[in-house]
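Chemist: Next come the chains, spelled out residue by residue.
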Amino acid sequence: MMNRETQKKIEEQCFRWLMRLAVLVILAVIVLVLTVVVLKGGRAMSWQMITRVPQGGFYLGGEGGILNAIIGSLYVAGGAVLLAILIGLPLVLGMHVSWTRNTRLVTFLRFLLDTLWGIPSIVYGAFGFALMTFFQWRASLLAAIVTVALLIVPIISRGLDEVLRGVPEGLLEAAHALGATKTEIAYRVFFRQALPGFITAVLLAFGRAIGDTASVLFTAGYTDNLPHALSDPAATLPLAIFFQLSSPIASVQERAYAATLILTGLIVLISLITRISSRRLKENIL
Amino acid sequence: MSATPIIKISNLHVHHGERTLLNRINLEIPRNKITVILGPSGCGKTTLLKSLNRLTDLHKELKLQGKIFIDGEDILQVKEDLTRVRQKMGLLSQRPFPLPMSIYKNVAFGLKINGVKDKALVEETVTRHLREVGLWDEVKDRLHAPAARLSIGQQQRLCLARGLAVGPEIILADEPTSALDPVSSRKIEQKFLELKEHYTVIVVTHILRQAKRLADHVIFMYFGEVIEQGPPEQLFESPRTDILKEYLQVGH
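Chains as they are written, first to last, in this note's numbering: chain A, 1 to 286; chain B, 1 to 252.
These are computed hints drawn from the structure, not numbers from a lab. Note that beta-carbon positions come from the ideal geometry of N, C-alpha and C, so glycine has one too. Any given hint could turn out to be false.
Stated by the list, open to error - Computed beta-carbon distance windows for the label pairs:
#1 Val97(A) / Glu80(B): 19 to 27 Å
#2 Leu272(A) / Glu123(B): 36 to 44 Å
#3 His198(B) / Ile87(A): 51 to 59 Å
#4 Arg165(A) / Lys117(B): 32 to 40 Å
#5 Thr183(A) / Phe223(B): 36 to 44 Å
#6 Leu208(B) / Leu27(A): 54 to 62 Å
#7 Arg165(A) / Glu80(B): 26 to 34 Å
#8 Gln249(B) / Lys282(A): 45 to 53 Å
Let the hints inform the model, and build the full structure from the sequences given.
Modeler: Okay, structure coming up:
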């Protein structure tokens with residue numbers, strides 16, 4: 001029989017290797033995805049990809065770029081984030097300021113948001129489509145913004161909710177004890193303490209919004225033009241990838257990878273901004 | 001008691017739903033002395049302290065009855081200007097909670113919310129109070145660094161300076177050294193002994209030795225009631241109740 005000492009050592013070794021393996025798998029996935037995107041996308045990447053809309057015969061390998069999809073995506077994601085903040089912020093402030101005594105309601109809202117978070121985006125897409133037909137809208141920027149906003153409301157709300165839950169009670173008491181009014185506390189203390197977390201939640205939601213395909217599939221429409229009004233249809237990057245990748249023409253398929261490169265670049269940029277901004281803002285908080 | 005007491009509590013009850021947290025509290029707190037509220041954990045010391053500056057209002061389920069006179073005014077009757085009542089007192093809590101801003105702005109916060117705009121005056125006040133708590137030499141080169149970067153003992157002294165900058169008469173301290181190392185604790189205690197010349201200091205503690213080091217006046221509490229109060233010699237040398245006798249023997 002093995003003595004306990006050796007047994008412990010083997011156990012320790014096994015777990016150490018398991019952890020190393022897990023790290024390796026994650027690294028491999030990231031490196032592989034980025035390599036494929038950069039290698040394949042880099043080939044089709046050109047200045048005109050990001051500065052021009054599709055020209056005649058673009059989908060057969062002709063001239064042009066995917067500026068329409070880049071701008072469309074930024075509009076959809078930006079609009080959706082704004083709308084989601086408009087819905088999410090009052091909701092969460094209500095949960096933390098007005099309804100604090102009604103723990104049942106707050107718990108229920110939290111459960112509701114978690115459930116909404118888990119619903120697949122194609123369901124939101126279908127819901128947005130139903131909404132669209134009910135109001136007799138066309139597939140448009142507005143329809144896409146509303147649909148994507150619904151998709152990310154739970155992300156922003158729960159993100160902010162967790163941040164506010166982390167604000168220590170003692171900090172609020174300290175501010176009250178100094179004789180600050182509720183408004184002064186809300187803006188100068190509460191909001192400041194919560195700001196880095198809030199920004200993280202918003203950028204997380206932005207990342208999700210710009211990358212989601214299923215929710216905009218039926219709602220955004222697709223066009224080669226830049227959208228000029230909320231009622232115009234809009235192209236988005238995920239759909240640009242989807243359509244070009246479905247093409248049988250090799251050069252068009254290649255451009256799909258250029259679009260993936262752009263989308264990935266945007267997401268990486270957002271992650272970096274999140275990191276840097278929250279690190280600088282976090283300096284002051286406990 | 002020689003001079004008129006600064007605080008007089010008569011028949012204070014605090015309820016939390018069905019539970020009684022404080023029962024029939026009657027006491028007086030002398031001006032410009034250190035009053036120590038002593039008792040085991042959970043006996044209502046903190047609740048009593050928070051009643052004094054109406055922090056109990058933050059917990060809507062707490063119901064207060066009775067009278068608390070501070071400078072002759074029953075502060076439980078104050079409806080509007082709670083700010084004024086609270087600014088009579090500086091609070092130190094069990095753990096320091098610096099505001100999410102720089103060291104300088106933490107101390108200046110009280111002045112700012114009182115509408116003090118004069119920069120020279122703000123600077124003079126901040127400097128004076130940082131000196132008063134013995135923090136000036138440690139932070140004078142990094143006044144605009146985040147307060148959260150200070151050590152916990154320094155943070156607690158910063159919170160004291162922040163409270164003093166509002167211009168209070170009373171300092172409320174709720175187990176102010178419980179999160180601190182012995183050296184930092186001694187510094188805080190030393191400050192209290194200096195500050196009592198100008199302020200009334202009320203310290204909540206469950207540490208008997210700390211009470212003996214600091215107290216000019218002692219209030220012993222047990223399960224939401226005041227059991228004994230008086231000068232330290234009387235309470236520590238010749239306790240009248242069995243509860244206090246036992247507490248003094250066990251030592252905490």
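Chemist: For each hint, tell me whether it holds in the structure or not.
Modeler: Right, here's what the structure says about each hint:
{"no.": "1", "hint": "Val97(A) / Glu80(B): 19 to 27 Å", "verdict": "21 Å, holds"}
{"no.": "2", "hint": "Leu272(A) / Glu123(B): 36 to 44 Å", "verdict": "38 Å, holds"}
{"no.": "3", "hint": "His198(B) / Ile87(A): 51 to 59 Å", "verdict": "52 Å, holds"}
{"no.": "4", "hint": "Arg165(A) / Lys117(B): 32 to 40 Å", "verdict": "36 Å, holds"}
{"no.": "5", "hint": "Thr183(A) / Phe223(B): 36 to 44 Å", "verdict": "39 Å, holds"}
{"no.": "6", "hint": "Leu208(B) / Leu27(A): 54 to 62 Å", "verdict": "57 Å, holds"}
{"no.": "7", "hint": "Arg165(A) / Glu80(B): 26 to 34 Å", "verdict": "31 Å, holds"}
{"no.": "8", "hint": "Gln249(B) / Lys282(A): 45 to 53 Å", "verdict": "48 Å, holds"}
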